[in-house]
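If you read the protein sequences in the order shown, they are chains A and B.
Sequential numbering of the first sequence, starting at 4, is according to this note's numbering.
Sequential numbering of the second sequence, starting at 4, is according to this note's numbering.
One or more of the hints may lead you astray.
Remember, identical chains collapse to one label, so a pair may be satisfied in a single copy or spanning two.
Stated by the list, open to error - DSS-like cross-link-like pairs, simulated, lysine-lysine; straight-line CA separation at most 27 Å: (1) K48 with K155; (2) K211 with K225; (3) K75 with K225.
It should be emphasised that the hints constitute simulated quantities derived from the structure, not laboratory data.
Number of protein chains: 2
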Amino acid sequence: MSELKIAFQGEYGAFSEMAARAYFGEGVDVLPCPHFMALFSAVEKGEASHGMVPIENSLMGSIHENYDNLLKYGLQIVGELKLRIVHNLIVNPGVKVEDIRHIYSQAPALAQCKDLIASLSQAQAVMAPDTAGAVKQLKASGARDAAAIASKQAAIDYELEILQAGVEDDHANFTRFLVVVPEGPEVIGATKTSIVFAMQNVPGALFKSLSVFALRDLNLLKIESRPLVGKPWEYSFYLDIEGHLGQESCRRAIDDLREIASFVRILGAYKQGDVVAGKVRPKRDNA
Amino acid sequence: MSELKIAFQGEYGAFSEMAARAYFGEGVDVLPCPHFMALFSAVEKGEASHGMVPIENSLMGSIHENYDNLLKYGLQIVGELKLRIVHNLIVNPGVKVEDIRHIYSQAPALAQCKDLIASLSQAQAVMAPDTAGAVKQLKASGARDAAAIASKQAAIDYELEILQAGVEDDHANFTRFLVVVPEGPEVIGATKTSIVFAMQNVPGALFKSLSVFALRDLNLLKIESRPLVGKPWEYSFYLDIEGHLGQESCRRAIDDLREIASFVRILGAYKQGDVVAGKVRPKRDNA
């Protein structure tokens with residue numbers, strides 16, 4: 004596939020779509036996917052050229068399902084982006100704050116707006132599968148007693164009203180996205196390498212595995228553990244290393260790790276991502 | 004408070020209630036709480052003597068919200084239990100498998116029963132705030148086109164029918180629970196200590212922090228990282244150490260950690276928990 008088409012999870016107007024446009028440019032073609040497995044599968048099958056995968060939020064922590072998907076699907080990480088997340092309280096036109104009895108959004112978005120939800124004491128927070136999807140539902144139902152929490156883009160796409168902007172509790176709210184492909188050439192200018200590995204369950208195993216990096220003054224940017232299915236209370240570890248495989252120190256550290264680990268896989272090497280503010284595009288014609 | 008009253012999250016019949024009865028005995032008094040913060044708050048205020056807190060599932064991984072709650076509320080861990088989780092497909096009496104269009108449960112329970120959900124191709128999975136609550140709802144609605152996934156106890160309490168038992172994808176499905184109190188005497192016979200700490204963000208910081216344990220051959224049972232709110236891409240680390248503060252090696256290791264960490268807190272020392280199968284009790288009178 005020579006043309007760009009970026010798979011993302013959610014409906015049009017999702018933060019993931021904004022991340023795709025911020026990374027690849029405004030006009031890029033996108034493919035909405037109902038859930039994360041569908042996103043990974045679309046990229047694996049070549050229905051999309053790239054996937055835009057949220058992996059971590061600065062307030063909520065890692066999106067563990069996608070760590071598991073990185074291991075499950077054989078995709079390669081080739082890029083990274085950090086998107087500033089601005090939530091909005093969105094309603095059907097004319098609905099007032101005192102009319103709101105239900106607030107719909109994805110669970111992490113609701114958790115990021117606890118202060119707002121607590122202030123609307125007559126309203127109940129209700130989980131929806133995704134943020135922009137909650138806005139689509141709100142539009143379809145025409146509800147006069149409900150609101151959604153989502154991006155400005157979603158409000159534009161479904162022609163609904165923003166009652167209040169920037170409703171997240173903490174404005175230092177960023178989501179880190181990974182750009183994945185089925186297989187690709189080595190990224191030129193990579194500064195960061197992601198790997199996953201597992202160790203035998205012996206005392207000091209994790210310490211030994213980190214020593215191969217410490218020995219060479221290689222900085223670790225992130226460590227994440229996930230359970231090994233079928234082996235209760237054993238874990239795989241995901242590491243982000245400041246370095247790339249063109250560096251002898253990084254290559255040798257991973258070679259050492261292979262000596263002592265039960266498995267090691269390189270998930271990708273890529274340029275560390277910049278922080279960007281999402282930009283809105285005009286309303287989609289068929290939204 | 005001299006009497007036992009165990010706060011748990013969810014409705015009567017929740018796996019957490021089964022965990023409370025498995026740990027404290029069948030007849031123990033329990034306090035259902037709508038969400039985890041309400042549970043922690045009930046224990047903090049003395050409305051319950053203990054809290055039963057799910058912290059990790061062997062398939063899904065850590066329950067991060069409760070790692071954050073351990074740091075936020077000043078409670079002390081005094082015990083641990085691992086409960087075997089058996090899910091059931093529950094319906095109103097007489098409803099047949101081919102009638103099911105909606106399957107309600109808590110998100111992790113739905114994720115643990117993906118094979119079953121995929122096999123019911125005419126049905127949609129719908130998130131509910133808790134497993135037993137989904138059964139309560141199902142009973143209240145009398146729906147003939149819906150099912151819930153929950154414990155056998157929940158089916159008994161709401162007098163609904165189990166269409167299929169043991170519907171989890173993987174039977175090696177355990178949830179680890181922590182027993183928390185506002186403040187208590189040192190646990191006699193503790194074998195495990197939980198701490199939380201943060202390091203300056205410098206190369207090798209995590210490696211250095213683990214070295215204080217490796218130096219003394221102290222085994223680490225679990226490491227978990229959580230984002231520091233307001234400091235994007237910095238983390239606190241939760242460690243479970245095989246050892247207790249009565250051991251000089253463990254005490255000295257934590258002293259060393261205090262020297263190099265930006266903060267350290269001991270969350271509790273307790274006996275490593277056994278694996279138990281949940282037992283059902285008779286139907287509650289007021290269920």
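Hints numbered earlier in the text: which of these fail when held up against the supplied structure? Hint check: 1 fails alone, others pass.
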